[in-house]
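Visitor: Residues 97 to 387 (my numbering) make up the sequence shown, in order.
Worth flagging that the hints you see were computed from the coordinates, not collected in a lab. Idealized CB from N, CA, C, for every residue including glycine. Check before you lean on any hint, since a few could be wrong.
[To be verified] Each computed DSS-like pair below joins lysine-lysine, with the alpha-carbon atoms no more than 27 Å apart: (1) Lys137 to Lys385; (2) Lys217 to Lys252; (3) Lys212 to Lys291.
[As the list claims (entries may be wrong)] What follows is a list of derived Cβ distance ranges for each label pair: (4) Ala141 to Thr264: 46 to 54 Å; (5) Leu174 to Lys284: 42 to 50 Å; (6) Lys385 to Glu288: 38 to 46 Å; (7) Glu305 to Ala214: 21 to 29 Å; (8) Thr301 to Leu172: 49 to 57 Å; (9) Arg371 to Ala168: 20 to 28 Å; (10) Lys304 to Arg267: 31 to 39 Å.
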Amino acid sequence: MTVRALGLAVLSGAAADDCPFSDVSVAQGYVALAYRMGIIKGVSAYNFEPKKEATREQAAAVLVRLGVAADAATILDLRPDVVVLAVGGHPFVEQNEHWGAAEGLVVSSWDVLDGKVAPGKNVLVYDTICEFTGMSVADFLADKGSQVEIVTDDIKPGVAIGGTSFPTYYRSMYPKEVIMTGDMMLEKVYREGDKLVAVLENEYTGAKEERVVDQVVVENGVRPDEEIYYALKEGSRNKGQIDVEALFAIKPQPCLSEAGEGYLLFRIGDCVAQRNTHAAIYDALRLCKDF
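The whole structure should be built from the sequences, with the hints applied where relevant.
Guide: And the structure:
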């Protein structure tokens, strides 16, 4: 079924002679192709146990390997005992409606770094987070030949990166004539002809300035993707709550020892709030070690 869903059924015939499992006599090509692709592994090097019902964990592993975007119904169909959501988030460019994200007036740093949006000729990067992403996108744009100004409402761009890391960015960006501006907030963006006008406001004096540019890139962190969480929360035994004190103390979640019907629901990483990869992994280790 999985091979068919990927549209690869036509290739299964060519793989039929390469099935590594001696106990598979039906649909050998499908099994062999799925094995080659890393979707399945079998129970040993030579046995697949095709007549044995797949466990929930095995079914979930296949979903993960295929990159299937699960929804609440898909998760509930697996009849889980525990659900951990690590679905991440999306660039939070809609926080200020006056930035014009809904009208396409600004793009996110993710869009640029992922190659979804081509670099503009004259670009303003507005960075409220002052960590690696904002500095990286400014440096990337400058490498591509863009004229770049990176603006932040903090005291200077990259201030949250740390004293041992930000000089590396500065040494790269200054020779490319990247303009670095601190203490300025992006108030709004509007279109004027074929240009964009970014209105900046000084954090301390309220004085306003305008920049006429081709592109405005916003790095404003991450907004959690919460749709699945809230769809599952009401039906969960623990109402989706994590005991934070137990998590910090590296102790089991109390709800794990409480009797009840249904599933437990947790969320970690950017599904809770913006954090880096290391913090998200640390969340997972502290939580999942007791399952």
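Visitor: All hints are to be evaluated individually against the structure, with a verdict given for each.
Guide: Going through the hints against the structure:
Proximity of Lys137 to Lys385 is assessed by CA-CA distance (about 24 Å); at most 27 Å being required, the pair is judged to hold. The hinted pair formed by Lys217 and Lys252 meets the criterion: a straight-line CA distance of about 23 Å does not exceed 27 Å. With a C-alpha separation of about 20 Å, the suggested pairing of Lys212 with Lys291 holds against the 27 Å cut-off. At about 47 Å, the CB distance of Ala141 to Thr264 agrees with the hint of 46 to 54 Å.
In this structure the hint that Leu174 and Lys284 lie 42 to 50 Å apart at CB holds, the actual value being about 46 Å. Checked against the hint of 38 to 46 Å, the C-beta distance between Lys385 and Glu288 comes to roughly 56 Å, which is inconsistent with it. Remark: the range hint 21 to 29 Å for Glu305 to Ala214 is upheld by a beta-carbon distance near 27 Å. For Thr301 and Leu172, the hinted distance range of 49 to 57 Å is satisfied, since their beta carbons lie about 55 Å from each other.
Range check, Arg371 to Ala168: Cβ separation about 24 Å, and the 20 to 28 Å hint holds. Here the CB-CB span from Lys304 to Arg267 is close to 32 Å, well matched to the stated 31 to 39 Å.
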